[in-house]
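Asks: Sequence:
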Amino acid sequence: MTSGTASPLRGAKILITGGTGQVARPVAEALAEHNDVWCLGRFGDPAVERALGRHGITTWRWDMADASPHALKGLPEDFTHVLHAAVRRGEDGDFNATAEINAVSTGRLMNHCRTAEAFLYVSTGALYKRQTLDHRYTEDDPVDGAADWLPAYPMGKLATEGAVRALARLLDLPTTIARLNIAYGPGSYGGVPMLYFRQMLSGAPIAVPLEGQNWCSLLYTDDLVDQVPHLWRAASVPATLVNWGGDESVGVTDCVRHIEALTGVRARLVPSEVTRETYQFDPALRRRLTGPCRVGWRDGIERTLRALHSEHLSV
48 MTSGTASPLR GAKILITGGT GQVARPVAEA LAEHNDVWCL GRFGDPAVER ALGRHGITTW
108 RWDMADASPH ALKGLPEDFT HVLHAAVRRG EDGDFNATAE INAVSTGRLM NHCRTAEAFL
168 YVSTGALYKR QTLDHRYTED DPVDGAADWL PAYPMGKLAT EGAVRALARL LDLPTTIARL
228 NIAYGPGSYG GVPMLYFRQM LSGAPIAVPL EGQNWCSLLY TDDLVDQVPH LWRAASVPAT
288 LVNWGGDESV GVTDCVRHIE ALTGVRARLV PSEVTRETYQ FDPALRRRLT GPCRVGWRDG
348 IERTLRALHS EHLSV
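Just so it is clear: in the sequence shown, position 314 is 361 by the numbering used here, and no numbers are missing.
These are computed hints drawn from the structure, not numbers from a lab.
On a predicted model such as this, the values are computed, not experimentally measured, just so you know.
All C-beta atoms, glycine included, are put in the ideal place defined by N, C-alpha and C.
Any given hint could turn out to be false.
[Stated by the list, open to error] Just the calculated beta-carbon pair ranges, DEER-fashion:
(1) 108 <-> 60: 23 to 29 angstroms
(2) 283 <-> 359: 34 to 40 angstroms
(3) 343 <-> 313: 23 to 29 angstroms
(4) 92 <-> 308: 31 to 37 angstroms
(5) 143 <-> 57: 21 to 27 angstroms
(6) 121 <-> 320: 31 to 37 angstroms
(7) 102 <-> 252: 36 to 42 angstroms
(8) 102 <-> 338: 21 to 27 angstroms
(9) 252 <-> 139: 38 to 44 angstroms
When you get a sec, could you build the whole thing from the sequences and use the hints?
Replies: As structure tokens, then:
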């Protein structure tokens, strides 16, 4: 593991989906040092699959959209820990397919790994019912699965949470549902802050609220990696539900202004009725389960820029 207060997980057999992405890949690579890690996916980029292999990770081809009941045939069943981060986001706007593919594939995965010690499902904070921009969401806040910026995505997550809750009870499989905020860091594309920076570089407008600013709870890669074993240890029946974000509340406009200060690149902030909505979390429950984060958001943004866009740093 990269840091953290708990002893690293050792000797486990771990199954990870979404292992080529921003969230799960650094977890897979960190855990592979002392564990038998398998990553499931389509692996459209052979270079990423080879990179995982260099870490000693076993890759196995799996398409969530494969409706065959034999889609997981041949995959071992003796995994001790599962991290399920793969998702069909629903960019095509097909609500039915998004719900079907995510919920059914997740159910099959849980059934296949029903003897595991812990199953961790990565959900999203985007399914909360929108309140004020600066509201700090807790796990008890109401949900509606509505998001103008990508309508099918939170609906699919909400549908899948239902499947996860049911299968956890039916299979007696200890489970954690972690509603992720914004993960970011040097890996992959860098996360949402680096998407904003690329918009800044191209001169593209960044939509912001007509009044105030969106708030979020940025979670840096190192902290995310450190917290996964804690979230597995918190798994229970019925499923444990926790908001998974950083300790600090971060204004998105403030974040963009910080990137401006670090790079000298100006942002075109355009007030709009529709923005990429974000949500800040009350971190109390997650801190009890995982302990505090170690990387502040300003430091994390600078580290990420230094890793991915060092040529633009002016500090």
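Asks: Look at each hint and say if it fits the structure.
Replies: Hints and how they fare:
1. A hinted range of 23 to 29 angstroms for the beta carbons of residue 108 and residue 60 is inconsistent with their spacing of about 19 angstroms.
2. Checking the proposed 34 to 40 angstroms range against residue 283 and residue 359 shows it is violated: the Cβ atoms sit about 45 angstroms from each other.
3. A C-beta distance of roughly 24 angstroms is found between residue 343 and residue 313, which places it inside the suggested range of 23 to 29 angstroms.
4. A beta carbon spacing of about 34 angstroms between residue 92 and residue 308 agrees with the range 31 to 37 angstroms that was offered as a hint.
5. Between residue 143 and residue 57, the C-beta spacing of about 43 angstroms breaks the proposed range 21 to 27 angstroms.
6. For residue 121 and residue 320, the Cβ-Cβ distance of about 50 angstroms falls outside the hinted range of 31 to 37 angstroms, so the restraint is violated.
7. Residue 102 and residue 252 have their C-beta atoms about 39 angstroms apart, which keeps the hinted 36 to 42 angstroms range intact.
8. As the Cβ distance of residue 102 to residue 338 is approximately 26 angstroms, the hint placing it in 21 to 27 angstroms holds.
9. For the pair residue 252 and residue 139, the beta carbons lie near 24 angstroms from each other, so the given range of 38 to 44 angstroms is not met.
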